[in-house]
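The whole structure should be built from the sequences, with the hints applied where relevant.
Under my numbering, the first residue of the sequence shown is numbered 1, with each subsequent residue one higher.
Take these hints with a grain of salt, some might be off.
Using 20 Å as the maximum straight-line C-alpha spacing, the simulated SDA-like pairs for lysine to any residue come out as follows [to be verified]:
hint, residue 1, residue 2
1, Lys35, Arg167
2, Lys393, Leu241
3, Lys393, Leu183
Simulated DEER-style distance windows between Cβ atoms [stated by the list, open to error]:
hint, residue 1, residue 2, range
4, Arg229, Ser351, 30 to 40 Å
5, Thr425, Leu296, 22 to 32 Å
6, Leu241, Leu62, 45 to 55 Å
7, Ser353, Leu186, 37 to 47 Å
8, Glu273, Arg435, 44 to 54 Å
Keep in mind the hints are simulated off the structure, nothing from the lab.
Computed from a prediction, not measured in an experiment: that's the story for all the values here.
For glycine and all other residues, C-beta sits at the position ideal for the given N, C-alpha and C.
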Amino acid sequence: MADRRTFNVVILGLGFLFIFTAFTTCGNVEQTVVKSLQNNTFTGSGYHSLGIIYGVFSFANLLAPTVVAVIGPKCTMFLSGLLYSGYIAVFIIPSTWSFYLTSMLIGIGAAMLWTAQGHFLVENSEASTINRNTGVFWALLQCSMLFGNLYIYFDWNGKTEISDSSRKTIFVSLLVTSVLGTLSFLVLRKSHHAEELLSEEEGQSLLSPRTMYKQRANSAVEDAKLEFRTMLQLLKTKTILLLSPCMAYSGLELSFYSGVYGTCIGATAQFGESAKGLIGISGIVVGIGEIVGGGLFGLLCKNNRFRRTSVVFLGMVVHFVAFYLIFLNIPDDAPVVFYTSSQSKPYLAPSVSIALLCSFLLGLGDSCFNTQLYSILGCVYAEQSAPAFAIFKFIQSVFAAVAFFYSGYILLKWQLLLMVILGFTGTLCFFVVERVQNLSVDLPEY
1 MADRRTFNVV ILGLGFLFIF TAFTTCGNVE QTVVKSLQNN TFTGSGYHSL GIIYGVFSFA
61 NLLAPTVVAV IGPKCTMFLS GLLYSGYIAV FIIPSTWSFY LTSMLIGIGA AMLWTAQGHF
121 LVENSEASTI NRNTGVFWAL LQCSMLFGNL YIYFDWNGKT EISDSSRKTI FVSLLVTSVL
181 GTLSFLVLRK SHHAEELLSE EEGQSLLSPR TMYKQRANSA VEDAKLEFRT MLQLLKTKTI
241 LLLSPCMAYS GLELSFYSGV YGTCIGATAQ FGESAKGLIG ISGIVVGIGE IVGGGLFGLL
301 CKNNRFRRTS VVFLGMVVHF VAFYLIFLNI PDDAPVVFYT SSQSKPYLAP SVSIALLCSF
361 LLGLGDSCFN TQLYSILGCV YAEQSAPAFA IFKFIQSVFA AVAFFYSGYI LLKWQLLLMV
421 ILGFTGTLCF FVVERVQNLS VDLPEY
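In structure tokens, the structure reads:
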């Protein structure tokens, strides 16, 4: 029994490792690839594509639980994997209409994939194994930021332009990787708990399979309505309203480190022939920052003396240092230039070491905010965790989508300033929520 569940968790992690090796690498280099296309008929924007993905994802989350309940997590993850693979395939022979269509489809697929993943992970865990299984899955997932970006570095290093043949080779490799991850979901086995539920359902009903699926769908729709009403109620609470700026900031910085900053490095003329290869190295270093932060703060927060506010404050300081160094090190027009490299000069002579240090700080700071947002939501809304996390992902995704849409039009300094303002506001609001929670815990003692 335990062996089957452990097998499922490992295969689940490997499937996500393969799929997100392809997708995170694609997102990191997308705008750079689009800029280098030797195709006068293609008018798409990588920023707009990522904005569509996160925008659709935020709203598709509201319907995803119903789909998972009706067709099951295994089938849902397989179908979602196909949508991810279709998006990767578009870059082999790009066209504007298919580029934006698959952007919408992958937004729907992402919502279904992550909802099914959470359902399947819980289904294959017990109270004594949920932390271990989550850790195994998280570790495998974070490795997805390493391998694809390493390939980009070795393939693009020394190149000033990305040729059609190089692009096709890269995306065929990423497509194969994504398909392997999708096929791995077919190897997943039903957990004992799922088999018991299925046999009980079949034993209690002599109805046709079609009627059973209809009943299951009606039940799922009712559950979705109930969860949606709960979300609306939670949105009116003071805690969610106060945490909203912090959630919104996590969306802005998500878009910056996952799509914008790599493009800025690749467009920095002063980096010369190494600029394009540095995009891959930057993605790897961001991943290292995420892994170090997730592991470090997971251990520190087991110590009651190390409060959530300390981690969030550290995240704010780390990010603000990174933003200041980026402001000094990267040309102001780097996010907005399209056919050429940056034309303006930064305040300092661009340094590869400083650029990669900023990549690490962006990943480290992101892990600070995300781990503590999950922690405080799980603490405050222990009995309503699913709607609370759904609100978090909704707000985060909406602001990530907005950020991707404006990233191609606003100079770097204004993007950084906006993140500083929202990051500072979000941190203050987080402190207020934590203070209120501490007071509510201390009150019974008097």
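Hint check against the structure, violated hint numbers in rising order: 3, 4 and 6
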